[in-house]
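Novice: Line by line, the protein sequences are chains A and B.
Mapping of the first sequence onto our numbering: position 86 corresponds to residue 86, and the numbering continues sequentially without gaps.
Mapping of the second sequence onto our numbering: position 18 corresponds to residue 18, and the numbering continues sequentially without gaps.
In short, the hints are calculated from the structure, not lab data.
There's no promise every hint is true.
Which chain B residues face chain A? A few, computed with CB under 8 Å, are given here [stated by the list, open to error]:
#1 Glu57
#2 Ser67
#3 Ala83
#4 Ala114
Restricting the straight-line Cα-Cα distance to at most 30 Å, the calculated cross-link-like pairs of lysine-lysine (DSBU-like) are [stated by the list, open to error]:
#5 Lys132(A) - Lys78(A)
#6 Lys132(B) - Lys78(A)
#7 Lys71(B) - Lys132(B)
#8 Lys71(A) - Lys78(B)
#9 Lys78(B) - Lys132(B)
#10 Lys78(A) - Lys78(B)
#11 Lys71(A) - Lys132(A)
Estimated spans, in silico, between C-beta atoms of each pair [to be verified]:
#12 Val131(A) - Lys132(B): 44 to 52 Å
#13 Val112(A) - Glu129(B): 43 to 51 Å
#14 Leu87(B) - His72(A): 45 to 53 Å
#15 Ala119(B) - His72(A): 23 to 31 Å
#16 Pro89(B) - Val131(A): 24 to 32 Å
#17 Gly113(A) - Pro117(B): 25 to 33 Å
#18 Gly121(A) - Asn99(B): 24 to 32 Å
#19 Gly52(A) - Val73(B): 30 to 38 Å
#20 Ala114(B) - Val131(A): 22 to 30 Å
#21 Thr125(A) - Glu129(B): 51 to 59 Å
#22 Val131(A) - Ala31(B): 33 to 41 Å
Using N, Cα and C, we set each Cβ at its ideal position, and we do this for glycine too.
2 protein chains.
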Amino acid sequence: MTDFELHPRLAADTAFVADWTLCRVLLMNDARYPWLILVPRRAAAAEIFDLGPEDREMLIAEIALASERLKHVSRSAKINVGALGNLVPQLHIHIVARNPGDAAWPGPVWGVGAPQPYAAGAIETLVREIVKTF
Amino acid sequence: MTDFELHPRLAADTAFVADWTLCRVLLMNDARYPWLILVPRRAAAAEIFDLGPEDREMLIAEIALASERLKHVSRSAKINVGALGNLVPQLHIHIVARNPGDAAWPGPVWGVGAPQPYAAGAIETLVREIVKTF
């Protein structure tokens, strides 16, 4: 766990939700979609295969948990999961709740339009609601 | 494994590479990017959390293996992994080899431009090359 530091771009774009066994759980400050980001607390991991076998198993368990809870809390039609990292090299996994008619449907959310920050207080309310479901 | 049938859209867009323990491995017929698709051979799975714990562990192992081999064989800068399913409900995971300057860089590949089918014979050659690395 030592030497892990959250990439400044991820820190700037998100609110802290929780530290799970492997991942830091973040909420994207974009009210267009309920959108979590999981960041394995491992320095220098850029690809999923950079993680060891035990970390990989924890990662998929945490992806499944975050996806199921986010779908439940947001009452969404579909979860999109993505590990891209073309701009931010630190390994991070997007968990995005999607619905027909949302700002990017049926395409992916990345790179589409501009983020719409939550109103003051709204992100803290949503974080509390998400944390309650964990 | 019974009752699994590959979604016709995935069948139409890809070439068969291999059947691994959990997933059918496919190669997208789009010469713009070396692009594998993993389809867990489980009927009715739409989200990663629809898989049981053992299947999830096999899935992440197969994602890591496919990503590492595809990065190696394509000598690419980055692997993008995505499970979207907004259009094709059958659970499937994209493993896409990316490079600065490619047709969608640094954005995601999904929904960008039109697929560029491989020339006759080229997809079979690439499938053989990939299979050799497995």
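Novice: So, for every hint listed, does it hold in this structure?
Specialist: Now for the hints, and whether the structure bears them out:
no. : hint                              : verdict
1   : Glu57                             : holds (5 Å)
2   : Ser67                             : holds (5 Å)
3   : Ala83                             : holds (4 Å)
4   : Ala114                            : violated (14 Å)
5   : Lys132(A) - Lys78(A)              : holds (21 Å)
6   : Lys132(B) - Lys78(A)              : violated (36 Å)
7   : Lys71(B) - Lys132(B)              : holds (14 Å)
8   : Lys71(A) - Lys78(B)               : holds (29 Å)
9   : Lys78(B) - Lys132(B)              : holds (21 Å)
10  : Lys78(A) - Lys78(B)               : holds (26 Å)
11  : Lys71(A) - Lys132(A)              : holds (14 Å)
12  : Val131(A) - Lys132(B): 44 to 52 Å : holds (48 Å)
13  : Val112(A) - Glu129(B): 43 to 51 Å : violated (34 Å)
14  : Leu87(B) - His72(A): 45 to 53 Å   : violated (23 Å)
15  : Ala119(B) - His72(A): 23 to 31 Å  : violated (47 Å)
16  : Pro89(B) - Val131(A): 24 to 32 Å  : holds (30 Å)
17  : Gly113(A) - Pro117(B): 25 to 33 Å : holds (30 Å)
18  : Gly121(A) - Asn99(B): 24 to 32 Å  : violated (43 Å)
19  : Gly52(A) - Val73(B): 30 to 38 Å   : violated (23 Å)
20  : Ala114(B) - Val131(A): 22 to 30 Å : violated (43 Å)
21  : Thr125(A) - Glu129(B): 51 to 59 Å : holds (52 Å)
22  : Val131(A) - Ala31(B): 33 to 41 Å  : violated (46 Å)
Figure legend: structure checked against the earlier numbered hints; hints not met, in rising order: 4, 6, 13, 14, 15, 18, 19, 20 and 22.
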